[in-house]
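Guided by the hints, dock chain B onto chain A, whose structure is given.
First to last, the sequence lines map onto chains A and B.
So the mapping is simple: our numbering equals the position in the first sequence, first residue as 1, plus 54.
So the mapping is simple: our numbering equals the position in the second sequence, first residue as 1, plus 21.
It should be emphasised that the hints constitute simulated quantities derived from the structure, not laboratory data.
Worth double-checking, as some hints may not be accurate.
A few chain B residues that face chain A, going by a derived Cβ cut-off under 8 angstroms, partial list only [to be verified]:
#, residue
1, 29
2, 31
3, 34
4, 35
5, 77
6, 79
7, 83
8, 149
9, 169
Capping the alpha-carbon separation at 27 angstroms, the derived lysine-lysine pairs in DSS-like fashion look like this [as the list claims (entries may be wrong)]:
#, chain 1, residue 1, chain 2, residue 2
10, A, 190, A, 226
11, A, 61, B, 76
12, B, 76, B, 104
13, B, 76, A, 111
14, B, 76, A, 82
15, B, 76, A, 95
C-beta atoms are modelled at their ideal positions from N, C-alpha and C, and glycine is treated no differently.
Now for the letters of each chain:
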Amino acid sequence: MITYPFKYKRAGSIAEAETLLKAAADGKLLAGGQTLIAAMKMRLANPSDLIDISGIKELSYIRASGDAVAIGAATTHCDVATSAEVARAIPALSYLASLIGDPAVRHRGTIGGSVANNDPAADYPAAVLGLGATIKTNRRSINSDDFFTGMFSTALDEGEIVTEISFPVPQKASYKKFPNPASRYAMAGVFVARTKSGVRVAVTGAGPCVFRVPTMEAALSKTFSPNAIEGVTVPADGLNSDIHGSAEYRAHLVGVMAKRAVAEAA
Amino acid sequence: MAVVSMTVNGKAVSAETEDRTLLVYFLREQLRLTGTHIGCDTSQCGACVVHVNGKAVKSCSMFAVQAAGAEVTTIEGLAKDGKLHPVQEAFRENHGLQCGFCTPGMIMTAVDMIRRKPKLDRETIRHELEGNICRCTGYHNIVSSIEDAAKRMGGAG
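One chain only, chain A, in its complex shape:
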């Protein structure tokens, strides 16, 4: 399949990417391209310019300190999944990265690309929201609670570039995903984290956008055990319903995956 024509530009720095993006009529950033290129081949996307940021060295790093793991936006899923530092600080995060796509996709796809795209069934948004991470851009820092605004939409402005995701280190965390057997995208994926400021539960795949479950968080903040959320359900209203599963089925899966995640983290 052949995309519409576009101009390819390779940026060597964040500053150069900003300039190239500003100069383009309808420019798009290209990181790993594992979603964008597929969309362009289907002719669902038609950017005038692609600004390749995958080679920008200042965007590719993993820095773990005592209380946070900071990951540069152009860091690949493979690098996160195999990082000893991430595995030590937040094992649930390296496990989550190891479930994305397949090995070849993980060699190209990046954390910044996944978060900026906000696919309803992507894995990373569950970790970002579940851990209460901070999304850093070329202009500001955005709290995860304010970042994911809807299906494929985020709080990012025109020309804004994600530069880093900073994850606070939780006391315990776990991610459980029920993948679609063919695509391996999440039918429902639940990220549960026990942090100093309370318990967070984030769900991907089940709804049009990643979301938190306050009723489960409240129950788990009192008692952190799978029994605490027995019978705590999420309403099926507004959840995804398609050939792979009804909204009711997904609502049920959220409960099951949440209990499994808590059992693992408890």
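Same frame as chain A, now just chain B:
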């Protein structure tokens, strides 16, 4: 149109190509390296897997210009001096292919897998083959081939 230069199977190559040319078309149509196959063209099947700077990638999901300056290895670059690569040899001996269409991608994926994980068990091999589809074999002999190749290579990658 721009001239794109890279190293493919150890040889410096240059060709004039559009920015929108996918790496797989660059390899097949401009360099005439038709060992890399196009199966699904949607990043599902893995028939187009090649190595870019030593890592397995799907060449249908990358533009040739993105690989400018990179070292690319295709299935044609594995055998040395008329001798099959140990992974190729293992596929031959274990009947790891039937029609052979998926085989170049399977072998490139296997070489990358053994490089990253020298000690492989059958379950790990099956997980690692997530992104490669075979419609003939039922995977059994592909798994056996990779298991055998990993042993032959003794973790050498």
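Consistency of the hints with the structure:
1. 29: This hint is violated: residue 29(B) lies away from chain A, its Cβ roughly 18 angstroms from the closest one there, beyond 8 angstroms.
2. 31: It is violated, given that the least Cβ distance between residue 31(B) and chain A is near 21 angstroms, above 8 angstroms.
3. 34: violated (18 angstroms)
4. 35: violated (16 angstroms)
5. 77: Interface hint status for residue 77(B): holds (5 angstroms vs cutoff 8 angstroms).
6. 79: It holds, given that the least Cβ distance between residue 79(B) and chain A is near 5 angstroms, below 8 angstroms.
7. 83: holds (6 angstroms)
8. 149: holds (6 angstroms)
9. 169: It is violated, given that the least Cβ distance between residue 169(B) and chain A is near 20 angstroms, above 8 angstroms.
10. 190(A) / 226(A): holds (24 angstroms)
11. 61(A) / 76(B): holds (26 angstroms)
12. 76(B) / 104(B): Status holds; Cα separation ~23 angstroms.
13. 76(B) / 111(A): holds (18 angstroms)
14. 76(B) / 82(A): This hinted pair holds, its Cα atoms lying about 25 angstroms apart.
15. 76(B) / 95(A): This hinted pair holds, its Cα atoms lying about 23 angstroms apart.
When the structure is compared with the earlier hints, violations turn up for hints 1, 2, 3, 4 and 9 and for no others.
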